[in-house]
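Chemist: Following the hints, put chain X in place on chain U, whose structure we already have.
Just so you know, the protein sequences line up as chains U and X, in that order. When the letters of the first sequence are read in order and numbered with the working numbering, they come out as residues 23 to 337. When the letters of the second sequence are read in order and numbered with the working numbering, they come out as residues 23 to 337.
Treat the hints with caution; some may be incorrect.
In this list, chains with the same sequence are indistinguishable; a pair is considered to hold if it fits within one copy or across any two.
For lysine-lysine, the following DSSO-like pairs were computed, each having C-alpha atoms within a straight-line distance of at most 27 Å [what the hints assert, rightly or not]:
#: 1; residue 1: K243; residue 2: K191
#: 2; residue 1: K85; residue 2: K266
#: 3; residue 1: K204; residue 2: K169
#: 4; residue 1: K240; residue 2: K120
#: 5; residue 1: K266; residue 2: K240
#: 6; residue 1: K120; residue 2: K195
Hints were generated in silico from the structure; no laboratory data involved. Given the structure is predicted, the values throughout are model-derived calculations rather than measurements.
There are 2 protein chains.
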Amino acid sequence: MATLTIPEAIPSPAEDCEQLRKAFQGWGTNEALIISILAHRNAAQRRAIRETYAQIYGEELLKSLDDEISGDFERAVILWTLDPAERDAALANEAVRKWRSSDRVLIEIACARSSAELFAARQAYHARFKRSIEEDVAAHTTGDIRKLLVLLVSSYRYEGAEVNMRLAKSEAKILHEKISDKAYNDEELIRILATRSKAQLVATLNLYNNEFGNSINKDLKSDPKDEYLAALRAVIRCICCPEKYFEKVIRMAIAGLGTDENALTRVITTRAEVDLKVVKEVYHKRNSVPLERAVAGDTSGDYERMLLALLGHEN
Amino acid sequence: MATLTIPEAIPSPAEDCEQLRKAFQGWGTNEALIISILAHRNAAQRRAIRETYAQIYGEELLKSLDDEISGDFERAVILWTLDPAERDAALANEAVRKWRSSDRVLIEIACARSSAELFAARQAYHARFKRSIEEDVAAHTTGDIRKLLVLLVSSYRYEGAEVNMRLAKSEAKILHEKISDKAYNDEELIRILATRSKAQLVATLNLYNNEFGNSINKDLKSDPKDEYLAALRAVIRCICCPEKYFEKVIRMAIAGLGTDENALTRVITTRAEVDLKVVKEVYHKRNSVPLERAVAGDTSGDYERMLLALLGHEN
Chain U
23 MATLTIPEAI PSPAEDCEQL RKAFQGWGTN EALIISILAH RNAAQRRAIR
73 ETYAQIYGEE LLKSLDDEIS GDFERAVILW TLDPAERDAA LANEAVRKWR
123 SSDRVLIEIA CARSSAELFA ARQAYHARFK RSIEEDVAAH TTGDIRKLLV
173 LLVSSYRYEG AEVNMRLAKS EAKILHEKIS DKAYNDEELI RILATRSKAQ
223 LVATLNLYNN EFGNSINKDL KSDPKDEYLA ALRAVIRCIC CPEKYFEKVI
273 RMAIAGLGTD ENALTRVITT RAEVDLKVVK EVYHKRNSVP LERAVAGDTS
323 GDYERMLLAL LGHEN
Chain X
23 MATLTIPEAI PSPAEDCEQL RKAFQGWGTN EALIISILAH RNAAQRRAIR
73 ETYAQIYGEE LLKSLDDEIS GDFERAVILW TLDPAERDAA LANEAVRKWR
123 SSDRVLIEIA CARSSAELFA ARQAYHARFK RSIEEDVAAH TTGDIRKLLV
173 LLVSSYRYEG AEVNMRLAKS EAKILHEKIS DKAYNDEELI RILATRSKAQ
223 LVATLNLYNN EFGNSINKDL KSDPKDEYLA ALRAVIRCIC CPEKYFEKVI
273 RMAIAGLGTD ENALTRVITT RAEVDLKVVK EVYHKRNSVP LERAVAGDTS
323 GDYERMLLAL LGHEN
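Same shape as in the complex, but just chain U:
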């Protein structure tokens, strides 16, 4: 359910590179040309363009982009152009370097990706930063959130659909006991959320809801200002209903005065090839406004045009 649109006849990577090079040359930059190419190529095609560009011009495409464009537009184009695994590695590194406990990037990478995608991000992190994600997370965070995040980013969840209902029942009970005791940082609770397969967790959390009358996230809202509880709720939403989770991130990014461009760019670039179509539907339903219109109202210029292109908005 991607929003990415790709033309039926795709130019060769060399032709794309030639056009991009043209966009960079002469007076000013042709941003529309950059968008018309990069925002309409999938990950494999963008990779081929980057490789070809480096071969032909002896310079990294990302470097050229960095020289030519700037601001939110640059960030959107560069994040989008990166391979998904490299993009996740870059986002994770930025998150640990500028660590704030309200940051949700690491949770998204750990919980709203497949196990193979998370592992690919860990490999890309090695290659680019010469360290492991988990050592940087462990070194830059503290307290309960560290316990949670280190396990989450290190996880390699089983991805089969098998569910053990007896286990789900016993772990729903453990979760309820710990939450009733306000033992939110209990190792058992963290262990269950960080290691069980998504199918198993969905079963456990459904049973939780049925047996104890509330959704777990309602019970995890005893102190709405507690950042650790908010992180736990984000983990659960990323696992159980990523589209609703991302709808909310976008909604919050757009809501009120000012816009959280970083969050908006992140969700659109990381989901455009995954499930952004569904996120758009959820957004429209929830807010009675098409997401494209909301984005257009809150952004402007080339940045706006880039996001709308990734949202599949045809002129």
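Modeler: What follows is chain X alone, placed relative to chain U:
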């Protein structure tokens, strides 16, 4: 520095399968024939034999072996025949199912393998057991050792040779402080051991030795009977000097009355294609007896012949 010996002219997988099938047929089993084939093929060759055997005879080679042979000999042949990643997955699963805090298998798999090998074992574990290693470790262990093991088996250490000496110095100091305070289960201590690259850890532990006068393992021996401290020491030895670590496991398996066949089989089958030649040298030096002679003295029959074949002992 493997001990595995492979004949110069290797029969085709189909020829090997035919010979194995012969070894299984008729009155009794031809154990010598089994050894002469399987104990002299590398991992890729054994995999080809297993695939070919299943195609020709419609039965798994491991199943045929299981029907035909038994006891320690069977365990050695089957562990050896498995792919390294499958073998690690099988050993890890056995370790969690029969969990004893003195068990070192999980530490060996987490710390004495490359990052890619550990990840391959995690993938094999998914495929075979429909769960993740880390969820089984978390569910079957408790207390401090659980904290340590879950992080260790989930780790994906950076493998480059880069060392940050400033970091090594500060972390040597942290380790020394925690150990001086007997805070052996401190999160910082576990984090450092479980996430840093091996090159970085070696530098940190050398500095520890230089700055504070003792090796860290000496300082971690305050209570020689404490299983958690013993586990920490094993982690450090598996990371810094795997050959010495494995020499000791073998020495202990052979020492005294009776033999720990499981440990002996495990080390020989997991290291024969890796570094068993070095382990043998360390053993000979340490015990003034060639390892082959010690193994021959403590084992017998087909089991003895299998181990000696893997040890590279020519008749």
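Chemist: Going through the earlier hints one by one, which of them does the structure break, listed in rising order?
Modeler: 2 and 4
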